[in-house]
Amino acid sequence: MSEFTFLFRGTPPTSPEEMQKVMEKWVAWFKELGAKGYIKDPGHPLERTGKVVKGQQKIVNDGPYAESKDIVGGYTLIEARDLDHAVEISKGCPILDVGGSVEVRPIRILDM
Amino acid sequence: MVAVLTRIFGVHNLSLAEDVVQDAFCRALEVWSIRGMPENPSAWLIATAKNRALDVLRRQRTARTFAPELGRLLETEWTLAPIVQELFEPEAIKDDQLRMMFSCCHPRLPEEAQVALVLHILCGFSTSEIAAAFVSSRAAIEKRISRAKKVLAGSKTLFDLSGSAALPARLSAVHRALYLLFSEGYHGASPESAVRTDLCHEAMRLAALLLQNPITATPATYALSALMCLDAARLPGRLDSAGNLSSLFDQDRSLWDRQLLAEGQKLLELSATGSELTAYHLEAAIAFAHTSAPSAEATDWAAIVSLYDRLMAIGRSPIVALNRAIAVAQYQGPERGLEEIRAIPGSQRLALYPFYHAALGVFELRSSRPAIAAEHFRAALALARNPMERHFLENRLRACEGTDT
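Heads up: the protein sequence lines correspond to chains L and F, in order. Counting the first sequence from 1 gives a position; our numbering is that position plus 39. Counting the second sequence from 1 gives a position; our numbering is that position plus 924.
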């Protein structure tokens, strides 16, 4: 088994009713992943904005100011057999139904 | 609320659940005293408890393990709030109360501990209220409850009703606990009042919860509920206008609660399915024979005696035998009643029960032996457990002395 990070990107729902529906889907998806033993760390959703600290000068800016659909909205750590399996798992993510994306990235093992 | 929070936090965190509820009540007192009562106080309390629960879960999610059956759903903001919201839905609350009831009736706990726990956790009775209801000291009840909680904490999750092999045995323990709770209210030894109607009502509320779930709505549950309804219907007649106990023979039957009688009859009919005939069925049938009679004299005593015979065949107890003897006396005269009482094995256990002596007194009096009757009433009086019983027996004693002179 290997570890992967799912980075979720997409536009958040606007109305409370939509929000309710989306949350239900996420709960159902997490229940399923948990039952199958794929979750290493469920992670958390993230606020859309914060601060960005940059460079040697450690310049602090508000941000990120990416396009709404490109902002990382949350993360989860997954255990899967290999990258293909992890991709297969990601296909159940509700964010895909509303035009979002899941970035599947294997955890890099640093050999020193 | 404690039941829901225990589901969320896990049974091993029962005291945390109680703290959160306590906290919600404290907040309520604070806020309500300033802003006045909200329109829907119970909704307000539930919302407050829910928010406090979310706080606790967020703050302690790395330090504690919560409900194992909810897995990791409480660990992450992806699912935390929606799951907690789901568990606070009215249907889920009922479900958790039911599961808590079954958890409280743990086979490793003695019956009186089960009843105390049900009262404390599900009915919100304080330890001093429970102590008053069971004529026990507060310290003893506290000890009993805290020991019982330790046993509960060993089980981690609330009892699972679906697909548990232990369900039938546990259900009958739940029936027993509710039966004891009801009887304590009805015949209780409480010093202030002979009838603690709130105990009866709590038992009926919890029994109604059992009836709402198809898994627990068994014929025995219907029979137990029928018994409670038929007995409770007679509560308004048990005390006369001066607050004194009134025996079944003297009660004003027009005071009986018609609605409860109808409800009890309906439940009794619903209980008549399946092959199992429980003691609750028989006791409910006896109660129905009493309540459907226009007067004590016009009661079908022969039927009642035969129901008692069948009850004795299921489970012999000195109290059942005593009640049977009273029915026999009604049916075949006081001399036969006396014979029956003398034939009860283990009557030394009954000797501490005031109504054993009272029954002997009544039979002797009816057999025109007032002097002997008076002796029995005096013995009963010495054992009376509250002022009402005492008053009731003093009146009987005076009646003997009246015929004497």
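Please note that the accuracy of each hint is not assured.
Restricting the straight-line Cα-Cα distance to at most 27 Å, the calculated cross-link-like pairs of lysine-lysine (BS3-like) are [unchecked claim]: (1) F/K1018 with F/K1080; (2) F/K1190 with L/K60; (3) F/K1018 with F/K1074; (4) F/K1190 with L/K70; (5) F/K1018 with L/K64; (6) L/K108 with L/K64; (7) L/K79 with L/K108; (8) L/K108 with L/K90; (9) F/K1080 with L/K70; (10) L/K75 with L/K60; (11) L/K130 with L/K70; (12) L/K60 with L/K79; (13) L/K70 with L/K60; (14) F/K1080 with F/K1067; (15) L/K75 with F/K1080; (16) F/K1190 with F/K1067; (17) L/K108 with L/K70; (18) L/K79 with F/K1080.
If you want the footprint, here are the derived chain L segments under chain F, 3+ residues with CB under 8 Å [as the list claims (entries may be wrong)]: (19) 63–72; (20) 76–88.
The set of hints was computed from the structure by calculation and includes no laboratory data. Heads up, the beta-carbon is just placed ideally off N, CA and C, and yes, glycines get one too.
Here is how each hint holds up against the structure:
| no. | hint | verdict |
| --- | --- | --- |
| 1 | F/K1018 with F/K1080 | holds (20 Å) |
| 2 | F/K1190 with L/K60 | violated (43 Å) |
| 3 | F/K1018 with F/K1074 | holds (24 Å) |
| 4 | F/K1190 with L/K70 | violated (43 Å) |
| 5 | F/K1018 with L/K64 | holds (25 Å) |
| 6 | L/K108 with L/K64 | holds (19 Å) |
| 7 | L/K79 with L/K108 | holds (26 Å) |
| 8 | L/K108 with L/K90 | holds (18 Å) |
| 9 | F/K1080 with L/K70 | holds (20 Å) |
| 10 | L/K75 with L/K60 | holds (23 Å) |
| 11 | L/K130 with L/K70 | holds (15 Å) |
| 12 | L/K60 with L/K79 | holds (25 Å) |
| 13 | L/K70 with L/K60 | holds (16 Å) |
| 14 | F/K1080 with F/K1067 | holds (21 Å) |
| 15 | L/K75 with F/K1080 | holds (22 Å) |
| 16 | F/K1190 with F/K1067 | violated (41 Å) |
| 17 | L/K108 with L/K70 | holds (26 Å) |
| 18 | L/K79 with F/K1080 | holds (23 Å) |
| 19 | 63–72 | holds (count 5) |
| 20 | 76–88 | holds (count 5) |
Consistency note: the structure conflicts with the earlier hints numbered 2, 4 and 16.
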